[in-house]
Amino acid sequence: MAYQKVHADQRAPGHSQYLDNDDLQATALDLEWDMEKELEESGFDQFQLDSAENQNLGHSETVDLNLDSIQPATSPKGRFQRLQEESDYITHYTRSAPKSNRCNFCHLLKILCTATILFIFGILIGYYVHTNCPSDAPSSGTVDPQLYQEILKTIQAEDIKKSFRNLVQLYKNEDDTEISKKIKTQWTSLGLEDVQFVNYSVLLNLPGPSPSTVTLSSSGQCFHPNGQPCSEEARKDSSQDLLYSYAAYSAKGTLKAEVIDVSYGMADDLKRIRKIKNVTNQIALLKLGKLPLLYKLSSLEKAGFGGVLLYIDPCDLPKTVNPSHDTFMVSLNPGGDPSTPGYPSVDGSFRQSRSNLTSLLVQPISASLVAKLISSPKARTKNDACSPLELPNNEVRVISMQVQTVTKLKTVTNVVGYVMGLTSPDRYIIVGSHHHTAHSYNGQEWASSTAIITAFIRALMSKVKRGWRPDRTIVFCSWGGTAFGNIGSYEWGEDFKKVLQKNVVAYISLHSPIRGNSSLYPVASPSLQQLVVEGPSFLSEALFSTRATKIEEMDPSFNLHETITKLSGEVILQIANEPVLPFNALDIALEVQNNLKGDQPNIHQLLAMASRLRESAELFQSDEMRPANDPKERAPIRIRMLNDILQDMEKSFLVKQVPPGFYRNILYHLDEKTSRFSILIEAWEHCKPLASNETLQEAVSEVLNSINSAQVYFKAGLDVFKSVLDGKN
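Under the numbering used here, the residues of the sequence shown are numbered 1 to 729, in order.
Think of the hints as simulated: they come from the structure by calculation, not from any bench.
You may find that some hints are simply not true.
Quick list of the computed label-pair ranges, beta carbon to beta carbon [what the hints assert, rightly or not]: (1) Ser-217 x Glu-570: 50 to 60 angstroms; (2) His-511 x Gly-220: 34 to 44 angstroms; (3) Glu-615 x Thr-563: 32 to 42 angstroms; (4) Leu-216 x Cys-386: 19 to 29 angstroms; (5) Lys-465 x Asp-268: 28 to 38 angstroms; (6) Asp-671 x Glu-698: 21 to 31 angstroms; (7) Lys-651 x Ala-608: 17 to 27 angstroms; (8) Gln-221 x Cys-315: 19 to 29 angstroms; (9) Cys-315 x Gly-342: 31 to 41 angstroms; (10) Pro-582 x Cys-230: 50 to 60 angstroms; (11) Pro-582 x Arg-272: 45 to 55 angstroms.
No farther apart than 30 angstroms at their CA atoms in a straight line, the calculated lysine-lysine pairs in the BS3-like style are these [said to hold, decoys possible]: (12) Lys-497 x Lys-715; (13) Lys-566 x Lys-182; (14) Lys-302 x Lys-408; (15) Lys-252 x Lys-271.
Glycine is no exception: its CB is placed at the ideal position from the N, C-alpha and C atoms.
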């Protein structure tokens with residue numbers, strides 16, 4: 001990653017970072033993502049900054065900076081101060097004594113009249129300029145409450161619809177190169193700075209030459225994943241949908257075995273089934289939802305199953321949705337290029353041979369095919385009560401499943417551009433969406449997300465072109481390879497890991513922003529819960545082959561798109577521009593206490609530690625954040641220190657090892673119905689069938705150490721601020 005073209009205005013040592021309008025417009029920082037260099041350089045040592053001429057503002061003065069700690073350089077002394085220090089200052093500016101008082105009086109009178117005329121003329125000019133050319137930049141150190149609305153009001157549904165339709169037309173090429181070029185060209189034309197391609201060569205698991213099949217041994221009937229009989233005609237009618245109904249990175253081959261209904265694959269389900277049946281090398285009939293797919297597959301693999309038929313029960317979906325014949329794709333990749341786990345796929349990196357990430361043969365199938373396998377009528381009865389699909393334990397179904405996939409090295413492209421921040425350019429807010437990738441599913445969510453992020457860029461840049469800039473840098477990213485396990489974003493994150501760990505403030509995802517037209521379900525980390533509402537669902541792990549018109553059927557006027565763009569845009573602007581980051585320390589402490597509610601074993605130590613954390617967070621909130629949010633008490637140095645603490649406060653809750661599919665941030669809930677620590681719930685479920693509770697003790701220790709780490713972190717922050725105050729006094 002090469003950061004180049006860096007410059008800053010030069011200021012006096014004691015000058016506040018909250019400058020007046022002229023100084024605000026005299027600062028620029030250009031950040032270049034050098035794609036060719038990234039592929040040639042394997043480490044982070046090449047993170048460089050080079051001075052370059054300020055093309056936008058016309059300044060010729062430059063200074064070499066270190067991006068990790070960008071500080072304003074010392075400015076040249078004022079003209080009057082320089083003249084005073086020159087050795088010949090007195091000689092140049094000493095006048096001879098006046099010849100007469102009368103001449104002196106006339107001279108003073110002329111000066112007074114001239115000054116009066118100029119003063120009146122200046123007032124008129126100032127009034128005219130102020131009336132006709134209002135300043136675009138808000139006053140120093142404060143945020144204009146109308147600023148955000150002024151930016152967001154330019155977002156129009158019609159513009160988003162036009163952008164969406166243009167993108168949908170492009171995807172028919174089955175090649176993401178043209179789409180990436182289109183995004184780069186459009187973002188550049190809108191004024192986004194230094195838009196670049198960032199490419200990675202990664203291992204993708206693609207559909208085989210023919211669709212997977214499921215054959216009933218009793219009748220010999222063969223079915224495609226969507227429930228249609230195996231025939232050449234059916235294959236021609238929906239060849240693409242059939243091919244893309246697969247599990248990326250599944251094992252491949254053929255397996256003939258008994259189908260065993262494991263419902264959602266919960267610990268109780270497996271415990272019950274293993275008491276009555278031998279599951280070794282059998283095929284599990286598994287519902288998507290309730291727990292992460294990777295976690296459930298891991299449990300089935302440990303239990304000894306050989307294959308999995310994965311489906312979505314119609315009872316888990318709204319009544320208006322009928323996905324009975326819909327096929328879908330899932331990825332079994334936890335993230336990134338499977339051949340380079342934990343490090344970026346750049347030239348020279350060692351590649352592991354990993355054609356599959358599980359020993360299970362996994363095949364997604366439609367609900368209609370499940371109904372045929374279990375000889376069941378439709379899920380919904382006449383009285384509209386929903387009957388879940390299930391295979392009775394006393395019935396035996398033997399099938400033969402065939403899974404075909406191909407593993408190839410392919411190039412995944414990310415598009416990255418930025419708007420450089422004004423007062424804190426070394427703090428990044430990353431805004432990400434994704435674009436269509438060749439050989440992936442045919443859904444249109446990518447076009448929706450790309451149109452939304454482009455609409456916000458258009459609105460933002462219209463303000464930037466008039467001289468305004470956010471305080472912090474906003475980095476816009478369109479990721480490739482998302483359907484295969486967020487490969488593009490993971491590789492980029494691994495590539496720039498050290499930089500991102502230190503400088504990133506927040507990540508805002510606009511991935512698949514429109515999934516319906518009934519409710520808003522944004523997901524946020526605990527420190528940002530004051531900005532959004534939390535509500536995740538693991539049904540979203542299924543990627544459907546949605547028709548091109550599906551998005552427009554849900555939102556024909558694109559008013560939902562406009563609303564989502566404005567809501568997301570306001571959150572982005574608050575994080576990027578508020579002097580104090582809108583993160584709430586007390587919310588984290590309250591979240592910890594809420595996660596410990598309920599009848600859980602061995603939590604008395606956790607409750608005591610959580611109480612101490614809340615006390616520290618309350619002190620931090622009242623003693624530090626309150627005065628920082630008051631412009632009259634605000635000090636730039638304290639603001640920077642405070643923001644550094646707020647930026648990193650959730651890192652205490654990141655753990656190294658979690659069950660497959662779980663979040664590394666242990667504060668994140670697995671679903672909206674559960675408000676307890678997920679790793680404790682999993683450990684407790686895991687220990688139920690076992691005599692030992694070692695797993696539970698380990699999980700309790702992880703949570704305890706995280707809470708203690710957060711408590712120490714806030715306490716250290718309070719001590720630092722106290723020592724600063726004591727030093728001043």
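#### Entry: Violated hints - listed by number, lowest first
5
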